[in-house]
Amino acid sequence: MSKNENKGPKKKSKKYILISIASVFLFLFIWWLYTDVFKAVPANALPSPIKVISTFFIKFVETKPEGATMLQHIFSSLQTTLTGYAIGVAVGVPLGICMGWFDKFDMFVRPIFDLLRPIPGIAWIPVMIVFFGIGLMSKAMVIFMTALIACVVNSYSGTKQTLNVHLWVGRTFGASNLEMLFRIAIPSAMPLILTGLRVALAASWSALVAAELLASNRGLGFMIQQCRVIGRPDVIIAGMITIGGVGALLTYLLKLLEKLLLKGRKNI
Amino acid sequence: MNKDVVIKCDSVSKIFYSSDKGFDVVKNIDLTVFKNEFLVLFGPGQCGKTTLLNIIAGLDMPTSGKVYVNNKEVIGPGPERGVVYQSISLFPWLTTMGNVEFGIKAAGVGKKERRKRAQYYIDLVGLQGFENTYPIKLSGGMKQRVGIARAYCIEPVVMLMDEPFGALDAQTRYLMQKELEIIWGREKRTVVFVTNNIEEALFLADRIVVLNNCPTSIRQEYVIDMPRPREYTGEKFLYLRKEITGNMDKTL
Amino acid sequence: MMNNRYLRVFLKIFSAIISIGAFLLIWHIATNGTKLGELMPGPIELISSLIKSTYTNIGKYTIIGHILFSLSRVLIAFTVGGVIGILLGTAMGWYKTAEAIFRPFYEMIRPIPPIAWISLAILWFGLGEIMKYFVIFLAAFSIITYNAFAGAQAVDPVLIGAAKMLGAKDSRIFRSIVFPSAVPYIFAGLHTAISASWATVVAAEMVRASEGAGWLIIQGMEMNNMIQILIGIIAIGIVGLLLSIIMRGVEAKLCAWSKSGK
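Chains as they are written, first to last, in my numbering: chain U, 1 to 268; chain P, 269 to 520; chain W, 521 to 782.
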C-alpha cells in the first residue's frame with residue numbers, strides 16, 4: 001500500500017521494518033512492565049498484554065463471564081449485520097442508479113432522500129427498538145438505514161459521472177435508453193458502486209456495535225458492554241480486537257470482489 | 269471521382285444559450301461531402317468543430333438549417349454514421365473485442381457473425397493478438413486503432429473523426445496518419461475528419477475546409493490533388509502548408 | 521429553450537415541494553386515527569412539538585441546549601483529534617522513520633469502530649465528559665490521520681525535486697511543500713471526520729449521558745415517547761447537515777487553488 005516500499009533500496013526498507021517491529025515490541029513491553037511488573041494500574045482498568053492474549057484464546061471455548069463463546073458472538077453479530085446490509089444494498093444500489101439515470105425520478109425522490117441523508121444510522125436505534133423490540137429485526141433495520149445511504153450516494157454519483165463521450169458512442173450505435181443504462185452507465189458507475197459497498201459495510205459494522213451496546217443479548221457489542229459492567233477489561237480488549245479483525249476481514253473480502261469485478265480496468 | 273453527394277449541410281447554425289445570453293457557436297455552414305471523399309475540417313481553437321461534427325452525427329440538433337445524409341434529413345444518430353473520438357471514448361470495462369463489437373451487439377447481430385466481423389476490423393487496424401486486452405494496457409496509438417475499428421465495425425457509410433490523434437505524441441501521430449490512410453485505402457468510406465494540425469490535414473485530405481474560429485464558419489476551401497502517399501516534405505506539400513497557414517483565422 | 525436554467529431551477533423547487541408534500545400527506549393519512557398512529561405521531565403534531573421544544577425543557581434543557589451540549593463535546597474532541605491527526609498523518613507521510621514507528625499502531629486501531637471503545641473508555645475515564653471526548657477524538661483522529669497521510673504521500677515528486685535542486689532542507693520541504701500539498705486531502709478528511717464525530721457523539725450520549733442529542737432520543741425510547749425521539753432525530757439531522765455545509769464552505773474557500781475551473 002505504501003509507495004515508499006518501492007522507492008528506496010531494499011536495505012533501507014529492511015531498516016524501517018526493523019524499526020516497526022522494535023516499536024511494537026517496545027510498546028508491548030512497557031505495557032507489560034506497567035501492568036504485570038510494577039502493577040501501576042489496577043487490573044480492572046488495564047490488564048496485562050499477556051492476560052489479554054490468553055483471554056482472547058480462552059474466549060473461543062469459554063462462555064463465561066457473559067454467557068457465550070466468541071464464535072457465537074461473532075456469528076450473531078455477522079448475522080445481524082449481513083441481514084441489514086444485504087437489504088440496504090439490494091434497495092440502495094438500484095435506487096441510486098435510478099436516481100442518477102432517470103432525471104424525472106431523481107427530481108421527486110432526491111428531496112426526500114436529502115432529508116434522510118444527514119441523519120446518522122445509529123440515531124434510528126430508538127425508533128427501531130420501539131417498532132421492532134430488541135431482536136434481530138430492530139438492529140438489522142438500523143444497519144439497513146446506515147448501508148442504504150452509503151449505497152445510494154455512491155451509486156448515484158457513479159451513474160452521474162458517466163462520460164458524455166461514452167453516451168455519444170452508445171447513441172451513434174443506436175442503443176436504446178435502457179441499453180445505455182445497462183451497458184454504459186452501470187459499467188461506468190461500477191467502481192464507485194463497489195466503493196459504496198465497502199463504505200456501507202464498514203459503516204454497518206460500526207452501527208452494529210452501537211446497536212448491540214444499547215440493546216441486545218448476544219453479539220460482540222453485547223459482550224464488551226456486559227464485561228464493562230462486571231469489570232473485565234481483558235474480555236473488552238479481546239472483543240475490540242475481534243471487532244477490528246472481523247471488520248478488516250469484511251473490508252478485505254470486498255476488496256477482493258472489487259479486484260475481480262474491475263479486472264482489466266486498473267493497471268496492476 | 270464519383271460525385272455522389274453523401275452529406276449535405278444546408279446553412280447549419282448552432283446557438284448555445286446560457287441563462288439569457290446566446291453564443292453563436294456554428295454559423296451558416298454550407299457543406300457538401302461526396303462519396304468516398306476524405307474531407308478535413310481544419311481550424312484553430314476549440315469553438316464549434318466538435319459541435320458541427322455532433323450535428324452531422326445527429327447527437328446535437330442545429331438551431332437552424334438542416335443536415336442530409338444520403339438525401340435523408342438527420343434527426344438523430346444512426347448506424348450509417350460512425351464516429352471516432354479522442355482516446356477517452358473507449359469503454360474501459362471492455363476488451364478490444366468487446367469495444368469493437370459493441371455497436372453490432374447493440375444492433376442485435378448474433379455472436380458468431382459478430383466475432384467474425386469484429387475480428388476482420390481488428391485485423392484491419394493491425395491489432396491481432398490484442399483482442400482480449402483492456403484499454404488501459406494499450407498505448408495511445410493502439411487505443412485509437414480500437415476506436416477506428418469500433419466505428420468501422422458497424423459498416424457505416426460515413427466516418428466522422430473528431431481530432432482522433434489529438435492526444436497522441438508527435439511520433440505516434442505521424443504513424444497513425446499513415447496507418448489511417450492505408451486503412452481508408454483498403455476500406456473506402458466517406459470521411460469527415462476534424463483537426464487543428466495542418467500537416468495531418470494535408471497528408472490525409474482530398475479537400476480541406478478551413479474554418480474560422482468563433483463562431484465556426486467556412487473561410488475557404490482547398491482541393492488537395494497531390495498523389496498518395498504524400499511526403500511531409502514534398503515541394504507542393506510545403507507550399508500548400510504555407511499558403512493555408514497564412515490564411516488561417518489567427519483570432520483565438 | 522431560452523431560459524433553460526431558470527426553468528430547471530423552477531422545476532427542481534416545484535418537484536421538491538410536490539414530493540415532500542406527498543411524503544407528509546401520506547404520513548399524515550397513515551398516522552391519522554390508525555394503528556400506526558398509536559405508535560407514530562403525525563407530521564403536524566411532530567412539527568408543533570418541535571417548535572414547542574425550542575422553548576420548553578426536555579429534561580434539564582430545551583432542545584437547543586441539548587444540541588449545544590453535544591456540539592461543544594464534538595468541537596473540543598474534534599479540534600484535538602484534528603491537530604494531532606494532521607501532525608501525525610503528514611509526519612508519517614513524509615518521514616519514513618515516523619511511519620515505521622507509528623504506522624503499525626495506527627493500522628491496528630483503524631479497523632476498530634470508535635464506538636467500540638466506549639466500554640473501555642468508561643472503565644478508564646468513568647462516565648463523565650472525558651470518556652465522550654476520548655471516543656469522539658478517536659473518530660476524528662483516525663479519519664484525519666489517514667487523509668493527511670495519503671495527502672503527504674501524494675505530493676508531486678517534481679515539486680520536491682525542484683526544491684531539492686534549490687537546496688531546500690528536508691524540514692523546509694516538509695513545511696513549505698509537503699504540508700500545503702496535503703491540505704486538500706486534509707480538508708476532505710476534516711469533512712468526513714466532522715460527520716463521523718457527530719454520529720459518534722450521538723452514540724456516546726446514547727450509551728451514557730444526562731444531556732445532549734443522543735440522550736434525548738434514548739430517553740425518548742425509555743419513556744416510550746416517539747415524539748421526543750423523532751424531534752431528536754430531526755435536530756440531529758439538521759445539525760449534521762449544517763456541520764457538513766460549513767465544512768464544505770470552508771473547504772471551497774481554502775482549497776480553491778486545487779480545484780480546476782467550474
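Think of the hints as simulated: they come from the structure by calculation, not from any bench.
Watch out, some of these pointers could steer you wrong.
Claimed, not checked - Sample of chain P residues at the chain U side, in silico, Cβ under 10 Å:
1) Ile343
2) Gly344
3) Pro360
4) Thr401
Beta carbons: idealized from backbone N, C-alpha and C, even for Gly.
task: Kindly indicate which numbered hints from before are broken by the structure, ordering the numbers from low to high.
output: Violated hint: only 1; rest satisfied.
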